[in-house]
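A.B. asks: Sequence:
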Amino acid sequence: MAERNLTRAARNLSMTQPAVSNALNRLREALGDKLVARSGYGVEPTPRALALWPSIADALRQLEGALSPGQFIASEATNTFVLAMADATAAALMPGLVGILERDAPGISMRVLPLTTRDPRPILDEGAIDLAVGFFPAVLADLTAQSQAGGKAPFDHQRLYDGHYVCVMRRGNPLAQGPLTLDRFCAAHHLLVSFSGRPYGFTDEALASLGRKRRIVLTVNQFFTAGRVVSSSDLLTVLPRHFVPVTGMAEELVLRELPLEVPPVHVDSLWHLRQAQRSEHAWLRLAVMAAARQAFQSGHSD
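In the working numbering, the protein residues as written are 4 to 305.
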């Protein structure tokens, strides 16, 4: 379920692939379901397996916690943590996080996956990642609503920093001369960074509230790609202000304040509550917070 691949599962279990296949066959007979079916280079779970997995994953983690030796000691640990975040977020946080690893936890490894959704709860629930970092307004609103209704949401979050977005264009763009009015902004052609590929973002929501809209001619899923395309075209894009200096393209780009009110972007870390009491996960959350404070107190104002 975690790897979606029998070969990788066998390697993680220190077993041969035939042994894993035999164990899987025994599970299939016991549960009366094939559990997984071949799909491309891996396997996909059946609905029955998906229904069973949350309870089984929780039980496995409780067992792991009960058997794990003592308190987590970062300087001696060899954990691998998996995080999901956008490239702009990684550019801000990872230098500080690598510094923490080199200084305090030389045996720990980090894997950073691209964030492809504004709701990472399913991948956190599956255990595919340890921590998601990003802008999750709908998720946080849902968690708040559950809490106010007296329920206990299975996820928790922590504010890391507030981002400020600006309009970015190449230095030779005709719109770089003179004020960037709302009319000029709407008349231009735009590039949108969208993790889902949906050609509509929070800037478009703000425009819609004014009865306006813009022409989006290109959608990409990385902020760095957006900066590169805009630096060699007359497209406009909207990027986090703090991201531009670390792109290596700052000299080629011009920043302008957006000609409309756009709410600040709150960047949070989000995790599953089953992880909350694990000392290694608590260390990870503190390390990410420390990296955010270092980035936004030492070099970024937004």
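Hints listed in this document are in silico derivations from the structure and should not be mistaken for laboratory results. A portion of the hints provided could be inaccurate.
[As the list claims (entries may be wrong)] Computed beta-carbon distance windows for the label pairs:
1) ALA22 <-> ASP122: 30 to 38 Å
2) ALA279 <-> ARG14: 51 to 59 Å
3) ARG114 <-> VAL220: 45 to 53 Å
4) ASP159 <-> LEU263: 27 to 35 Å
5) SER236 <-> ARG121: 36 to 44 Å
6) ARG41 <-> ALA279: 32 to 40 Å
7) SER112 <-> ARG187: 44 to 52 Å
Just so you know, even glycine gets a beta-carbon here, dropped at the ideal spot from N, CA and C.
A.B. asks: Which hints, by number, does the structure contradict?
C.D. replies: When the structure is compared with the hints, numbers 2, 3 and 5 turn out to be violated.
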